[in-house]
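Peer 1: Chain by chain, the residues:
Protein chains: 2
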Amino acid sequence: MPPAAQPDLPLSPHGEIDSMLSRKFGKEVANYFSGSPLNRVAFLRTDHTFLTQALHHPSTTFILFKDLNPLLKDPATLATVPYSTVKPLVGENPYLTPEAEQIAAYNSSTYIPTLIFLGLDPAPPSPLTYKSHSGAPVFALDVTPRAHLTDASNNLISSLTSQSLSFSTGRHNLTLPPSAAALYASARHLLDWNTRNPFCAQCGSPTLSTNAGWKRTCPPSDTAFQTPRPSCVSRGAISNICFPRTDPTVIMAVISASGDKILLGRQNRWPAHWYSTLAGFLEPAESVEEAVRREVWEESGVRVGRVVVHSTQPWPYPANLMIGAVGQALPDGEAVDLGNDPELEDARWFELAEVREALRVGTSGLGEEAGPGYKEGGLRLPPRTAIAHQLLDAVVNGGFLAGVVKI
Amino acid sequence: MPPAAQPDLPLSPHGEIDSMLSRKFGKEVANYFSGSPLNRVAFLRTDHTFLTQALHHPSTTFILFKDLNPLLKDPATLATVPYSTVKPLVGENPYLTPEAEQIAAYNSSTYIPTLIFLGLDPAPPSPLTYKSHSGAPVFALDVTPRAHLTDASNNLISSLTSQSLSFSTGRHNLTLPPSAAALYASARHLLDWNTRNPFCAQCGSPTLSTNAGWKRTCPPSDTAFQTPRPSCVSRGAISNICFPRTDPTVIMAVISASGDKILLGRQNRWPAHWYSTLAGFLEPAESVEEAVRREVWEESGVRVGRVVVHSTQPWPYPANLMIGAVGQALPDGEAVDLGNDPELEDARWFELAEVREALRVGTSGLGEEAGPGYKEGGLRLPPRTAIAHQLLDAVVNGGFLAGVVKI
Chain R
1 MPPAAQPDLP LSPHGEIDSM LSRKFGKEVA NYFSGSPLNR VAFLRTDHTF
51 LTQALHHPST TFILFKDLNP LLKDPATLAT VPYSTVKPLV GENPYLTPEA
101 EQIAAYNSST YIPTLIFLGL DPAPPSPLTY KSHSGAPVFA LDVTPRAHLT
151 DASNNLISSL TSQSLSFSTG RHNLTLPPSA AALYASARHL LDWNTRNPFC
201 AQCGSPTLST NAGWKRTCPP SDTAFQTPRP SCVSRGAISN ICFPRTDPTV
251 IMAVISASGD KILLGRQNRW PAHWYSTLAG FLEPAESVEE AVRREVWEES
301 GVRVGRVVVH STQPWPYPAN LMIGAVGQAL PDGEAVDLGN DPELEDARWF
351 ELAEVREALR VGTSGLGEEA GPGYKEGGLR LPPRTAIAHQ LLDAVVNGGF
401 LAGVVKI
Chain G
1 MPPAAQPDLP LSPHGEIDSM LSRKFGKEVA NYFSGSPLNR VAFLRTDHTF
51 LTQALHHPST TFILFKDLNP LLKDPATLAT VPYSTVKPLV GENPYLTPEA
101 EQIAAYNSST YIPTLIFLGL DPAPPSPLTY KSHSGAPVFA LDVTPRAHLT
151 DASNNLISSL TSQSLSFSTG RHNLTLPPSA AALYASARHL LDWNTRNPFC
201 AQCGSPTLST NAGWKRTCPP SDTAFQTPRP SCVSRGAISN ICFPRTDPTV
251 IMAVISASGD KILLGRQNRW PAHWYSTLAG FLEPAESVEE AVRREVWEES
301 GVRVGRVVVH STQPWPYPAN LMIGAVGQAL PDGEAVDLGN DPELEDARWF
351 ELAEVREALR VGTSGLGEEA GPGYKEGGLR LPPRTAIAHQ LLDAVVNGGF
401 LAGVVKI
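Those sequence lines, one after another, are chains R and G. Each residue of the first sequence is one higher than the one before, counting from 1 in the UniProt record's numbering. Each residue of the second sequence is one higher than the one before, counting from 1 in the UniProt record's numbering.
One or more hints might be untrue.
Since the list can't tell identical chains apart, any single copy or any two copies may satisfy a pair.
Unchecked claim - Below are the EDC-like pairs computed for lysine to aspartate or glutamate, each with C-alpha atoms no more than 16 Å apart in a straight line:
#1 261 - 334
#2 131 - 341
#3 131 - 298
#4 261 - 393
#5 131 - 337
Source of the hints: derived by calculation from the structure; they are not laboratory data.
Turn these sequences into a full structure, and let the hints guide you.
Peer 2: Right, here's the structure in full:
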């Protein structure tokens, strides 16, 4: 089995050989939304014999989504249901035939709800064992009422909500612990990607969810139509458009050349006094360091020299890999100029002490009140679950640059 | 202007404040395909007044592609041409009207060759100046013969090839110096993305290249058809499917727990004795460290503990961001097992001395002969332009872990 999953401590390091590398590189930061407890057994996603057993095993659970919002017991707990509950939507066995046969029999007029095999949970007793792998299978299912399954979905939803379960009404209401957040993040990312890509970007034809939800295939024929489908190069070769998209994004705590200030910015839709680290999408043919320098210059006019990667965070809104870095301004590049890209309302340098105090009393989600110690007019910052927070904490409290610059 | 571009030294660090951070974190490695000399001025991609001036300025150059292969003077030099050469394909001014008007007037039956504004080159004399920015504009143009421009493209190609210019016949023939390689990488990545995404993945309708080649928009109407287009959520909100895709990929030199061996693998289609570091796509809801641990376990059975990011490399075949890391096996996790994912033909541990010798005499591109000092049967490794090579070099020669583990 693969390396042990994270315990439910989003900021704890991976354990066993810490002492060897952490002295040189610092401890690993496992950000919120990472740390899934599941073994993905990615190579079994095309094995219909395995998937059939996984679907029907007594240890199997399903997490449900409606319009990308998860079913909850309460804001801190994902609800799980057994196969019998979802059978009216899923059917007896969508994995009955090998994938190649499903592709050959494709009919675009038949709605199939998106079902994703997320992996095997090693923890529960009496798990499924398949070849050398064992664990309790976990699936995610889209139960949004659609097409011929509208009534079945509505019935399922009514039955669930009568049991005091409810679908989240937005991401800011969720307070999932880290391992549940990681499960949710993988499911939401994949459901969103399937929902956003029902057509082939190469030829414009409708596509079929395959590989247990991890691929979309452009079938060569469609029994719903007499006319042949256009030819498509995505069928003859591996094409990235068939696989889930993840957008690399850089986010950076920029310190001044002498290390005594931090650059933060704000958008005009944010609450008053709320700032964060700068961020933006990495572009084609850029290294992470180049993307950091370009984004900081575009948004603030500040020119960055050295860049060091701190940690990464999967961010499922909808599909980002946040690559967190610490950058340092060039001595003659600290002047703020908002005249390039009008994305930010403000960007300016803050004293380390002000950032340290804001991390102590002024952090919250964007829609929430600041904490009890916050004084009106003080700097406000993102919560602990955001990598922006971790980057700032690493600089002002964690000694990320200790011994190198005077912070 | 933004931070100075890299000089033509793919492995040199960015300069000015090296002394402060490199003592702690090591020098920055700028891998091949990064280090573009251009200022992208991304925020001007929607400014049709700027684009009009950029298209027609005397300092402007175009690099040309046919079937994604660049026009070359020789294998080490990209050919550039002026506006007058490409005018038969580009027309008088494709940026004449604001983008909103072009979208409103969309006609899917009119073929428009993909034209990409890559950025401003700060080096040449007599550059274009626009607001506070100046440089010589650089564009990339797809001249592959198509639709009503087939004859014009063929004429252009004939004229160019009669001047001893030729299109590359494949990536392994290219020996571009780093700054030209970075230009090529950005152009190839964007041209490939435009070519691979002529239809909207959300609604299946044809799309229009916008933002000077950096976006594809799903127009609300199409004058080529009487029937209305389907509604599409990509029109009402920002959707990532409209923007270039870059796939984060992890690639890792894995050292043994005691630091005296390195794990390498090979695919069966590679030349005999040729090995490389393991690699694979990062999946949704994974941190870089998690992706490294999963991929290494899937492909080799080895279980990795600590993971440290080393450097990143844009890789334009077609659209990867290679995230290079050094990982360390857990003391009880070093057994090789190829039984999970059948992707590799072999994976095994190599002594550091063998890897060091192979870096000295056994490196080459996949299609090339090994160097003169290579003895048949010895280990072969990727060339200096590959991040795999840089990772191995960092471990066995660069002292990446010096003082921490005994290498």
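Peer 1: Each hint: holds or not?
Peer 2: Hints, verified against the model:
Taking CA atoms no more than 16 Å apart as the test, residue 261 paired with residue 334 passes inside one copy only; the shortest distance there is 10 Å, against 44 Å between copies. Within a single copy, residue 131 and residue 341 get their C-alpha atoms only as close as 55 Å, which misses the 16 Å cut-off; across copies the closest is 13 Å, which meets it. Within a single copy, residue 131 and residue 298 get their C-alpha atoms only as close as 53 Å, which misses the 16 Å cut-off; across copies the closest is 14 Å, which meets it. Taking identical chains as interchangeable, the C-alpha atoms of residue 261 and residue 393 lie at most 16 Å apart only when both belong to the same chain, with a minimum of 13 Å there against 36 Å between chains.
For a Cα distance limit of 16 Å, the shortest separation of residue 131 from residue 337 across copies, 13 Å, qualifies, whereas the shortest one inside one copy, 60 Å, does not.
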